[in-house]
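Peer 1: Sequence:
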Amino acid sequence: MKSFTSRPRCGRAGISILEFIGCLCALVGGAWLGALYLGVDVRHVAYVALKDSQLLDRVPEKWRPLAPDVKQGADAPTPEQLARHVEDELVALRQEITALRTSRDASPDASGKPEPAAGAGTLPSKSASVKTLSLAYWTRLCDIVRDETALQADSESAATQSNATQVAALKSRVCRFASSAIQAIPTEGVDPAATEFGKQLAQWYDHGGDLYEEAVRIWESPARGQDGHPLTDAWNETKAQHANEERLMNERGAVVRDSLVRRFGDEFAALTKM
1 MKSFTSRPRC GRAGISILEF IGCLCALVGG AWLGALYLGV DVRHVAYVAL
51 KDSQLLDRVP EKWRPLAPDV KQGADAPTPE QLARHVEDEL VALRQEITAL
101 RTSRDASPDA SGKPEPAAGA GTLPSKSASV KTLSLAYWTR LCDIVRDETA
151 LQADSESAAT QSNATQVAAL KSRVCRFASS AIQAIPTEGV DPAATEFGKQ
201 LAQWYDHGGD LYEEAVRIWE SPARGQDGHP LTDAWNETKA QHANEERLMN
251 ERGAVVRDSL VRRFGDEFAA LTKM
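Heads up: the sequence shown at position 67 corresponds to 67 in our numbering, and the numbers run straight through without jumps.
Mixed in with the good hints, there may be bad ones.
[Stated by the list, open to error] Derived pair list, reagent style EDC-like, types lysine to aspartate or glutamate, alpha-carbon separation capped at 20 angstroms: (1) K239 to E156; (2) K239 to D258; (3) K131 to E245; (4) K239 to E220; (5) K273 to E188; (6) K273 to D258; (7) K273 to E246; (8) K273 to D233; (9) K239 to D210; (10) K131 to E246; (11) K131 to E220; (12) K199 to D210; (13) K199 to E156; (14) K273 to E156; (15) K131 to E196; (16) K131 to D88; (17) K199 to D258; (18) K273 to E251; (19) K239 to D206; (20) K131 to D206; (21) K273 to E220; (22) K239 to E213; (23) K273 to E213.
[Stated by the list, open to error] Distance ranges between label pairs, derived from CB positions: (24) Q161 to E246: 18 to 28 angstroms; (25) S162 to D88: 24 to 34 angstroms; (26) A269 to T232: 35 to 45 angstroms; (27) T139 to P77: 19 to 29 angstroms; (28) T102 to E188: 40 to 50 angstroms; (29) D233 to Q203: 24 to 34 angstroms; (30) R262 to T102: 25 to 35 angstroms; (31) R262 to D210: 31 to 41 angstroms; (32) E188 to N236: 36 to 46 angstroms.
No lab work stands behind these hints: they were computed from the structure.
Glycine included, each C-beta is placed from N, C-alpha and C at the ideal position.
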């Protein structure tokens, strides 16, 4: 029989694991330094690459990197900051409406003192009952609706032909204020029907802000005097639709309030007509 003897290899096929790791580290390190030099968001690039390659789903959840657009909590406003912003905006709106009325009537308005902002006050503790939390939420919601309705009425009462654009911009801010104020109300432990209605109401106020912003753009457009009728007609149609949605929101608010009364008692006040 022939004897087979192993021949010494003149070279090796491939590289060792240690060499592979060393090359990988050098590659990653070079890319990292290059990205930093060029001003590239390395964390964003790495996260997107992992997400697109579906490797992120295989990484244990506690080891997964956060998405680049996720705040770490340092920049997110606290509930107290949100409430303070709402209060400051309410005061500013009342002062501007008073200034408009003063310039129209040429006399100061004695009722221009700012009232407590919607959403201000003592927050219920986290250990409070669902009824207590829901009642606090609903009460603040009623305050916001009442303040928004009063501010809109005051804005319209201060309107003249010369300040129509300014009034429209002010009415848009009133809508934005109401939406922000609702979003600042704590929702933890609150009845889901109440919070869902609050979310829908905030969106409706945001739509109102868009509506009046569009009015400002129409009135400030240079083309309005030449071909303004289609724009005005389209805006009037949008306004009519928003008014129809207002009636639906009033009906929905009454239904939600009735369900809260049946569940918790009659302490839940009726919403002011929007």
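Peer 1: Now, for every hint given, state plainly whether the structure supports it.
Peer 2: Do the hints match the structure? See the list:
Proximity of K239 to E156 is assessed by CA-CA distance (about 15 angstroms); at most 20 angstroms being required, the pair is judged to hold. Among the hinted pairs, K239 with D258 is inconsistent with the structure: their alpha-carbon atoms are about 29 angstroms apart, more than 20 angstroms. Using a Cα cut-off of 20 angstroms, the hinted pair K131 and E245 is violated, with the two alpha carbons roughly 29 angstroms apart. This hinted pair checks out: K239 and E220 have alpha carbons roughly 18 angstroms apart, not beyond 20 angstroms.
Distance restraint check for K273 and E188: the Cα-Cα separation of roughly 26 angstroms exceeds the 20 angstroms cut-off, and the hinted pair is therefore not satisfied. A C-alpha spacing of about 15 angstroms is found between K273 and D258, which places the hinted pair at or below 20 angstroms, so the restraint holds. Proposed proximity of K273 and E246 is supported: the alpha carbons are some 9 angstroms apart, at most 20 angstroms. A hinted pair counts as satisfied when its Cα atoms are at most 20 angstroms apart, and K273 with D233 does not qualify at roughly 27 angstroms.
Under the criterion of a C-alpha separation no larger than 20 angstroms, the hint pairing K239 with D210 is consistent with the structure, at around 11 angstroms. Between the alpha carbons of K131 and E246 the distance comes to roughly 27 angstroms, so the proposed pair goes past 20 angstroms and is violated. Of the supplied pair hints, the one linking K131 and E220 is violated, its CA atoms being roughly 49 angstroms apart against a limit of 20 angstroms. Simply put, K199 and D210 have alpha-carbon atoms about 17 angstroms apart, close enough for the 20 angstroms limit, and the pair holds.
The straight-line distance between the Cα atoms of K199 and E156 is roughly 26 angstroms, outside the 20 angstroms bound, and the hint therefore fails. The straight-line distance between the Cα atoms of K273 and E156 is roughly 17 angstroms, inside the 20 angstroms bound, and the hint therefore holds. Between K131 and E196 the CA atoms are separated by roughly 16 angstroms; this keeps the pair inside 20 angstroms, and the hint holds. A distance of roughly 29 angstroms separates the Cα atoms of K131 and D88; the hinted pair therefore is violated under the 20 angstroms criterion.
Simply put, K199 and D258 have alpha-carbon atoms about 18 angstroms apart, close enough for the 20 angstroms limit, and the pair holds. Pair hint K273 plus E251 holds up; C-alpha atoms about 10 angstroms apart against a cutoff of 20 angstroms. A distance of roughly 13 angstroms separates the Cα atoms of K239 and D206; the hinted pair therefore holds under the 20 angstroms criterion. With a C-alpha separation of about 28 angstroms, the suggested pair K131 and D206 falls outside the 20 angstroms cut-off, and the hint is violated.
The suggested pairing of K273 with E220 is violated, with an alpha-carbon distance near 31 angstroms, which exceeds 20 angstroms. For the suggested pair K239 and E213, the alpha carbons sit about 12 angstroms apart, so the restraint of at most 20 angstroms is met. The straight-line distance between the Cα atoms of K273 and E213 is roughly 23 angstroms, outside the 20 angstroms bound, and the hint therefore fails. Between Q161 and E246 the C-beta distance comes to about 26 angstroms, which sits within the given range of 18 to 28 angstroms.
Remark: the range hint 24 to 34 angstroms for S162 to D88 is upheld by a beta-carbon distance near 28 angstroms. Between A269 and T232 the beta carbons are some 39 angstroms apart, a value that agrees with the proposed interval 35 to 45 angstroms. At roughly 22 angstroms, the beta-carbon separation of T139 and P77 lies within the given 19 to 29 angstroms, and the hint holds. Between T102 and E188 the beta carbons are some 42 angstroms apart, a value that agrees with the proposed interval 40 to 50 angstroms.
Distance hint check: the CB atoms of D233 and Q203 are about 25 angstroms apart, consistent with the given range 24 to 34 angstroms. Separated by about 47 angstroms at the C-beta atoms, R262 and T102 break the suggested range of 25 to 35 angstroms. Taking 31 to 41 angstroms as the suggested C-beta distance range, the pair R262 and D210 conforms, at roughly 35 angstroms. Our hint of 36 to 46 angstroms for E188 and N236 holds, since their Cβ atoms are close to 42 angstroms apart.
The structure does not agree with the numbered hints 2, 3, 5, 8, 10, 11, 13, 16, 20, 21, 23 and 30 stated previously, though it agrees with the rest.
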